[in-house]
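Colleague: Chains as they are written, first to last, in the working numbering: chain D, -6 to 390; chain U, -6 to 390; chain H, -6 to 390; chain W, -6 to 390.
Pairs count within a copy or across copies, as identical chains cannot be separated in the list.
DMTMM-like cross-link-like pairs, simulated, lysine to aspartate or glutamate; straight-line CA separation at most 25 Å:
hint : residue 1 : residue 2
1    : K23       : E244
2    : K23       : D61
3    : K23       : D65
4    : K386      : E281
5    : K215      : D120
6    : K23       : E297
Because the hints were derived from the structure by calculation, they are not lab data. Source: prediction; values computed, not measured.
Number of protein chains: 4
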Amino acid sequence: MSRIGLWLVGARGGVASTVLTGLAALSQGKTRPIGLTTELPLFAGLDMAAWADFVAGGHEIRTIRLADAAMDLATRSRALDPDLVEQVRPELDAIDHRIRPGALHRVGSTIAALADPGVPRDDSPRDSIARLRQDIEDFAASEQLAHVVVVNVASTEPAVDPSRLPATWDELEPTLDDEACPLPASSLYAIAALESGCSYVNFTPSLGSLPEAIDQLARRQKSRHMGRDGKTGETLMKSVLAPLFAHRHLEVMSWVGHNIFGNLDARVLADPANKKAKVASKDHLLREILGYAPQTLVSMESIESLGDWKTAWDHIHFRGFLGTPMTLQFTWQGCDSLLAAPLVLDLARLTDAARRRGEVGTLHFLASFFKSPQGVAQQEFIRQFEMLEAWVKGRKT
Amino acid sequence: MSRIGLWLVGARGGVASTVLTGLAALSQGKTRPIGLTTELPLFAGLDMAAWADFVAGGHEIRTIRLADAAMDLATRSRALDPDLVEQVRPELDAIDHRIRPGALHRVGSTIAALADPGVPRDDSPRDSIARLRQDIEDFAASEQLAHVVVVNVASTEPAVDPSRLPATWDELEPTLDDEACPLPASSLYAIAALESGCSYVNFTPSLGSLPEAIDQLARRQKSRHMGRDGKTGETLMKSVLAPLFAHRHLEVMSWVGHNIFGNLDARVLADPANKKAKVASKDHLLREILGYAPQTLVSMESIESLGDWKTAWDHIHFRGFLGTPMTLQFTWQGCDSLLAAPLVLDLARLTDAARRRGEVGTLHFLASFFKSPQGVAQQEFIRQFEMLEAWVKGRKT
Amino acid sequence: MSRIGLWLVGARGGVASTVLTGLAALSQGKTRPIGLTTELPLFAGLDMAAWADFVAGGHEIRTIRLADAAMDLATRSRALDPDLVEQVRPELDAIDHRIRPGALHRVGSTIAALADPGVPRDDSPRDSIARLRQDIEDFAASEQLAHVVVVNVASTEPAVDPSRLPATWDELEPTLDDEACPLPASSLYAIAALESGCSYVNFTPSLGSLPEAIDQLARRQKSRHMGRDGKTGETLMKSVLAPLFAHRHLEVMSWVGHNIFGNLDARVLADPANKKAKVASKDHLLREILGYAPQTLVSMESIESLGDWKTAWDHIHFRGFLGTPMTLQFTWQGCDSLLAAPLVLDLARLTDAARRRGEVGTLHFLASFFKSPQGVAQQEFIRQFEMLEAWVKGRKT
Amino acid sequence: MSRIGLWLVGARGGVASTVLTGLAALSQGKTRPIGLTTELPLFAGLDMAAWADFVAGGHEIRTIRLADAAMDLATRSRALDPDLVEQVRPELDAIDHRIRPGALHRVGSTIAALADPGVPRDDSPRDSIARLRQDIEDFAASEQLAHVVVVNVASTEPAVDPSRLPATWDELEPTLDDEACPLPASSLYAIAALESGCSYVNFTPSLGSLPEAIDQLARRQKSRHMGRDGKTGETLMKSVLAPLFAHRHLEVMSWVGHNIFGNLDARVLADPANKKAKVASKDHLLREILGYAPQTLVSMESIESLGDWKTAWDHIHFRGFLGTPMTLQFTWQGCDSLLAAPLVLDLARLTDAARRRGEVGTLHFLASFFKSPQGVAQQEFIRQFEMLEAWVKGRKT
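Next comes chain D alone, as it looks inside the complex (with noise of 0.2 Å):
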């Protein structure tokens, strides 16, 4: 049976450390699996990977230990059950060993601040890239990984413009070298896995693989790809309602959204910088699925005492049979880390077994897990959940 490395960057932060937290619970029977779409029956005949199979290991910029990141969502949060972070530490210490420094570049003062010393801040991005590779082809040869799924889980950084960037793998290699390459972290890190024919997953609303140039990559070295930014709460929430209102012809005239928390990725997007590109990627399903752009707003708020539990509330406002006002608004009280986990487990899954078919390029089947799914244009989510239902029915033997 083949191991499978799970990478992961911000290896540290709350949901690498609920994913690792679940991922040991899950291996060791100690939890139902809840959550996890690739547990439902479906997906009963699918080639995929048993929870047992994955090995993990990851880059962060800081120093915090693993346990202890899993413990504080246990007691400061109340997210986690802390008797089941007890349980998995032994695990969890082991992965620590396996983490490595991560890269800085265009991250943004905000999370720029947060890195420990020791982190690299002046390697070009090929020095940077080269270091990362290296980490991540250790990792899978001391582990004797059959393949290593790379998913990028770390704060968002501040918005980079792809259309900027050269179209071409060969026309964008070369700026590698260049102190002004726009490429931020996270595209770097796509870059090592691509070279190093791992798969790579964009968690986050940060670029990523998104360049047309990466996806060209990714095709020349025969892996695979997806992203950008899952798709957890309040957009989930998004894709699911907005239909409702486009197939009944209601008129949508403002749909406002306040979304307060207070874990590390709300203090990072209390940064103008950072959280302008977050709006972004939870605001433009809006008017695709509409076909016309209401008034919308998007709040994001770092509140402290609410740790890792995120609260939005949403107030429609739209209009009904002979123009009349009518108004839904929703709360939704969730743990920012413990809905983000089990969707990181299901794409790495998933994106394995995309692998096991031979399957490169943009994984489009996966578009239901992102609130922006790189070259989808459907926004709802049941049609979305549709192609994956597709993929699994046409692919499975």
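Got chain D sorted already, so can you dock chains U, H and W onto it with the hints?
Modeller: Structure of chains U, H and W alone, referenced to chain D:
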């Protein structure tokens, strides 16, 4: 150009008066077609009636004036625009003259108490059917109609167990003379309509055309029918949101829904016999979509001050990854009659369009309009809507 | 330094186990005194017991272990910190040994069904009082207590109409031999406490010490008592918000309150007989504060997944200037037992402080703690709190 | 019977047009006095003007018609009854003739951009005061008024720090010729009113009569004034709810308030300079009532579809007993102008009543009407209301 009859059962209720106000406004171009599914681009090429083609009449057990019912929605509930009601008053007054006394078989004591003394109470089911049929046929003849669609928008009758009924029309038909015949008024209207070759649509949770024997009658008469219970608010939300939990494998532990509103329907539903039928219709989808039965609670309470405004508060308690409980709450504030009315118009139009293609029997493609779609197991709104899309695309020239 | 007894009726319930966990934590300085009114600066100079002065015991009809009840609140409901419960386990185990079997007179079949077979069921009221009194007096003697405050935190009994009872103690006392004596257990505990010279506080909507005859007993015994029904959540909100509408002359048309929770109290309140008493206690203040009776609705439903978390959704529909309807909605998400417990501790402390000043009879100054304060017409929370302030200021040296 | 002038600054805004519609309706007995504090039984014996005694005029910088402004509230916002507006149209048209051009000193560029070209822009403060004063005195003379109460209901000006101003009138007065004089229009209106012996009430967060030097002027002129910022919705809720947390010793960790609305005030508050003054006024009470500073967030966003309907969503995260976090959320849906208007009428009436008793200077007893009551530290609504009660009881014959 052919004229189509729209015959409403419960023709002076809140839904009917809104339907008729809206139909007049649409015919005269006095309103934008918000809330009407058949006005989406999808339906552009479909052979269907224009709003101005419709002529309305109906059955009713009360003696208020239609324009007064509409104006009450404008002034007491602030649901309709009083100016618009004033503008269409002549049309509403004209329709008043085409409304005939309804039937009271097994409607329950609460509904019966609302009826005008002149409404026949002691006729046999067979005699009532004959009378109702004559009313509809007179309407068709005097108005020179190509077809009549009968839509039941009357208050909810007490529940009748369809399994108690004979399975074939040939067995059911002889029981119509029997005083013990369990068929409620909604089924008598259905039989009257179908025997006349009209179409029948049941917009309520009442029995209507649900019995297998009545479907047999429809097919024998080469007519068509569909039901039950228009999906307008809280249950529409359930059929949109439950798939989210199902496909993300999030475990719904409990789903509580409290509905408060203050119109006549609310007062009828204060009767436990009538309420039971409604609650059953609002409650079954969750377990059908989820595949298991969370604890559910559906309350409907008459709060007079709300008038036609129905406020639903739903509290969904679900378990996420690693068993952590999370919560989604929503508040839906909509006008009951204004949410229902455009669906009634869409159903009339689409039922007639099905006739134009020679379709008979149960019209499964209309499932997305109903809380308990007859003959359809699929309860997810988007997949039901895809049935409608397929029908439109498959059939239009 | 004198030791004070805290004798809890319902000593292993959710409220009691939280009170006792909290008392141990406070005595040992393991928690900040959040939620305790008597820890406000206002009370700084008052002659009152320290938390470490209290010794606890009680009556109970079930046989679970106190520490298990507390741990259930920690693990199933995520209400208490499991670590803290573990730390105070020895204290809880010690208290377990001071808990005696309670009484079952007229507690209703739902509560009776929860009782251990060993709890006496056929004693006369008089015999029960004698037994309960002996338990309390044994506790006082063996623990060398200066005073005992008995607090009823058991589940709600079915309502008893106090006007059916004799108005004087001399008339009521002889009926205690009578099988038809309508006094429920809560009143027998009250009589037992007061006859022993202990204080009695009724934290539930049960009858307790409400009857005029029992107040007479208290004054005769130079003891003191107060009740009924701790004001912890939704009703506390009503007593805070209704004055806003009253003083701004805004017309409350309807006030709907839905409560969902999943602890033992919720299951007891699923019995209509028990629920009726609770609803009455939650409902009366609105008309007393407003001076008129808006339409009200109070529902309480047992939703198992919520455990000790009580969620209240209130919808207040009011008319503003020129008659325009407006809406206030609130959602209160609190732990039932954790909201109640500090009030129980405050009441024990303040009742004992009243004893130190020689006060007897009904303790009106405690009104702010109760939904239905005995002998007090004032229902506005802030004005009730001012009664407490005046008492503290008027009395302290 | 003496006639009293009500001179509104911002006389064609949403609040003013509602005040004037309401005043006409009240004078003619066309509406019940809902929302008017002075119509409570408490005020029955007070020497105060009848509604029909009031004559209205005002200053305004725009040139719409008053009746059109009122009708816009009826049709676009569904806030007023269109029938009622129609009925009082003659009164509104008459008032239109008594409205004079306002002033634009330091109102900020957003407000200035709304002004009619004919409004003077280059006058010195002193010249403006002279002009405004002449307008008010002409009004008093031509309408034969016993007294005029000037109420500022114009949009919020950018904040001015009062500590930058001279502390005495004798020092402030000479600066009025100076171009650098920092007094905004709201203060010029105050000075004009007070110099004429009129009363001045500041219903906005603008500077108005706050400066110590202007209070000195009022006392010197034997006139009276009060402010600032009418307490109508979310902040009113804060001043009612925060005492609950304070007196129960529950620890508020964070209080987030999001306000969305779509009237002209909302558009003015989209300007950060103007918004800052408003947020400060909405935010300070929490720490004053609680005695510590929880994390707070106050947002106000212009959502056009809402018109005059202001929806506030507040999320209060607090710690209960043993440190357990709990949550209170509320949603307030009210019409901004209809909540403000009755307070303006009450304030005019009570300010005139104070004059009848010879009171001069700052009217502290009006604190309950304001978010930031001048000269009053008490921020709890009920205790502020008790100040009003005491004033009424202490003074009435």
